[in-house]
Amino acid sequence: MEIPYTVEARPDTGLNNVKLGIWLFLASEVMLFGGLFSSYVLLRVGAVEWPQGAEFLNIPIGTVNTIILIASSVTMVMAYASLKLGDFAKYKTYMLATVLLPVLFLCIKGYEYWEKVSHDHLPSHSTFLAIYWTMTALHGIHIIGGIVVNGYFWGPGSKMWHIKREMFENRVEAAGLYWHFVDLVWIFLFPVLYLL
Amino acid sequence: MSGSAEEVRKHIATYKKVAGALGVFTIVTVLASYLNVPIPLGITIALVIALTKGSLVASFFMHLSEERSKAIIWTLGLTVVFWFVLMLLPLFTMSDHIGVHKTLPNANAATEHAEEAH
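Chains as they are written, first to last, in our numbering: chain A, 1 to 196; chain B, 1 to 118.
Keep in mind the hints are simulated off the structure, nothing from the lab. Ideal Cβ placement from N, Cα and C applies to all residues, glycine included. Treat each hint with caution, since some may be false.
So the derived label-pair ranges between C-beta atoms look like this [to be verified]: (1) A:Asp87 x B:Leu89: 46 to 52 angstroms; (2) B:Gly20 x A:Ile61: 18 to 24 angstroms; (3) B:Ala21 x A:Glu166: 52 to 58 angstroms; (4) A:Val117 x B:Thr14: 21 to 27 angstroms; (5) B:Leu78 x A:Ala47: 28 to 34 angstroms; (6) A:Tyr5 x B:Asn36: 35 to 41 angstroms; (7) B:Thr93 x A:Arg165: 52 to 58 angstroms; (8) B:Phe92 x A:Glu2: 50 to 56 angstroms; (9) A:Phe25 x B:Gly20: 50 to 56 angstroms; (10) B:Pro40 x A:Val103: 37 to 43 angstroms; (11) B:Phe92 x A:Ile141: 41 to 47 angstroms; (12) B:Leu89 x A:Val103: 24 to 30 angstroms; (13) A:Ile141 x B:Gly20: 15 to 21 angstroms.
A few chain B residues that don't get close to chain A, going by computed Cβ distances all over 10 angstroms [claimed, not checked]: (14) Gly54; (15) Ser65; (16) Glu66; (17) Ser69.
One side only, chain B facing chain A, incomplete, derived with CB under 7 angstroms [to be verified]: (18) Val8; (19) Ala13; (20) Lys17; (21) Gly20; (22) Ala21; (23) Val24; (24) Ala46; (25) Thr52; (26) Ser55; (27) Thr75; (28) Gly77; (29) Val81; (30) Phe84; (31) Leu86.
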């Protein structure tokens, strides 16, 4: 059975299902992270004292990780643009970078986590650390999800380019929208946790 | 993104500019955290920069600046409304505590380290 409206737009929404589906998913994600940011605000304004991020966190490492994620967002959008230009080889190169950069991000994050654990800076240590672990770990899970999806579109999934070109472009666009959202979350997490 | 190869190339030029701006804003965010300013102002500066960066990503990388679909605009509009409700509720309940601390925590870091050394 052919799944309808994967390429052509639905008459009622004016969108194909891929695009509408990913935006609805992202809306739910905004509320998920919004709930955590809201909890952060509640806990912080209600706290008698709040530690400075630098007491527990390494600002240069956080800055490097921010730049890495921004770079991966750039390579993602360049991969999509390459598909639109019909340059499959460039797409593969940019997509590979989009997969490897967040792997580097996770390695650095892993080092940060290891440092925290070795200093006994666990979630039970303080409210600040509890919210730091919760938010960065949830974000990390999203990063892993993005690596898996983008890795699939770089590897086995890319065969679709030769069979159903437009459908493949739509899928990469949806994966890209998700990936930019993950970058967007970090853009807010970084100053909130590390700098303020 | 839609259109001819020429339009896609124009988009690519925009992506490069946005990438540069995001890099610069990241550095500015870090430097701004060391400013000796009252906490509410420091938080405002950091969030304004983060909002600017977020808008750049959403507008150009996610192509929202050229999105004309009513379904997407309504979905995101409703999301923004509910997001603000989520963010404002705790602020309303705790508004009498906001701004208790006088300066950004990082602003005193250098002084504190110097005092510890003595």
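Results for each hint:
Judged by the Cβ atoms, the range 46 to 52 angstroms given for Asp87 (chain A) and Leu89 (chain B) holds: they are separated by roughly 48 angstroms. Our hint of 18 to 24 angstroms for Gly20 (chain B) and Ile61 (chain A) holds, since their Cβ atoms are close to 22 angstroms apart. Range check, Ala21 (chain B) to Glu166 (chain A): about 32 angstroms between beta-carbon atoms, so the 52 to 58 angstroms window is missed. Distance hint check: the CB atoms of Val117 (chain A) and Thr14 (chain B) are about 42 angstroms apart, inconsistent with the given range 21 to 27 angstroms.
The hinted window of 28 to 34 angstroms between Leu78 (chain B) and Ala47 (chain A) holds, with their beta carbons roughly 32 angstroms apart. Our hint of 35 to 41 angstroms for Tyr5 (chain A) and Asn36 (chain B) is violated, since their Cβ atoms are close to 56 angstroms apart. Distance hint check for Thr93 (chain B) and Arg165 (chain A): the Cβ-Cβ separation is about 53 angstroms, which falls inside the suggested range of 52 to 58 angstroms. Checked against the hint of 50 to 56 angstroms, the C-beta distance between Phe92 (chain B) and Glu2 (chain A) comes to roughly 51 angstroms, which is consistent with it.
A beta carbon spacing of about 30 angstroms between Phe25 (chain A) and Gly20 (chain B) contradicts the range 50 to 56 angstroms that was offered as a hint. In this structure, Pro40 (chain B) and Val103 (chain A) meet the distance hint of 37 to 43 angstroms, their C-beta atoms being roughly 39 angstroms apart. Checking the proposed 41 to 47 angstroms range against Phe92 (chain B) and Ile141 (chain A) shows it is violated: the Cβ atoms sit about 31 angstroms from each other. Between Leu89 (chain B) and Val103 (chain A) the beta carbons are some 38 angstroms apart, a value that contradicts the proposed interval 24 to 30 angstroms.
At roughly 30 angstroms, the beta carbons of Ile141 (chain A) and Gly20 (chain B) sit outside the given window of 15 to 21 angstroms. Not every CB of chain A is more than 10 angstroms from the CB of Gly54 (chain B) (nearest about 5 angstroms), against its label as outside the interface. Taking the minimum C-beta to C-beta distance to chain A, about 13 angstroms, the non-interface status of Ser65 (chain B) holds against the 10 angstroms cut. Distance to chain A confirms Glu66 (chain B) as a non-interface residue, since its nearest Cβ pair spans about 13 angstroms, more than 10 angstroms.
A beta-carbon of chain A is positioned within 10 angstroms of the beta-carbon of Ser69 (chain B); the least distance is around 5 angstroms. Because the beta carbon of Val8 (chain B) sits about 5 angstroms from the nearest beta carbon in chain A, less than 7 angstroms, this interface hint is met. Annotation: interface hint on Ala13 (chain B) violated; nearest CB of chain A at approximately 10 angstroms, more than 7 angstroms. Given hint, Lys17 (chain B) at the interface with chain A, is violated; its Cβ is 11 angstroms from that chain's nearest Cβ, farther than 7 angstroms.
Checking Gly20 (chain B) against chain A: minimum C-beta separation of about 10 angstroms lies over 7 angstroms; hint violated. Hint status for Ala21 (chain B) relative to chain A: violated, with the closest Cβ pair at about 10 angstroms, above 7 angstroms. Hint on Val24 (chain B) is violated. Least Cβ distance to chain A is approximately 11 angstroms, over the 7 angstroms limit. The interface hint given for Ala46 (chain B) holds, since its Cβ lies 4 angstroms from the closest Cβ of chain A, which is under the 7 angstroms cut-off.
Contact between Thr52 (chain B) and chain A, as hinted, is not supported at the beta carbon level, the nearest pair being about 10 angstroms apart and thus beyond 7 angstroms. Contact between Ser55 (chain B) and chain A, as hinted, is not supported at the beta carbon level, the nearest pair being about 10 angstroms apart and thus beyond 7 angstroms. With a cut of 7 angstroms, the hint placing Thr75 (chain B) at the interface with chain A holds, because the nearest CB-to-CB distance is about 5 angstroms. The beta carbon of Gly77 (chain B) is not positioned within 7 angstroms of any beta carbon in chain A (closest approach about 10 angstroms), and the interface hint is therefore violated.
Proximity of Val81 (chain B) to chain A is violated relative to the hint, the smallest CB-CB distance being about 11 angstroms (cut-off 7 angstroms). Restraint check, Phe84 (chain B) versus chain A: the minimum CB separation of about 9 angstroms is more than 7 angstroms; hint violated. For Leu86 (chain B), the suggested interface contact is upheld, since its CB lies about 4 angstroms from the closest CB of chain A, less than 7 angstroms.
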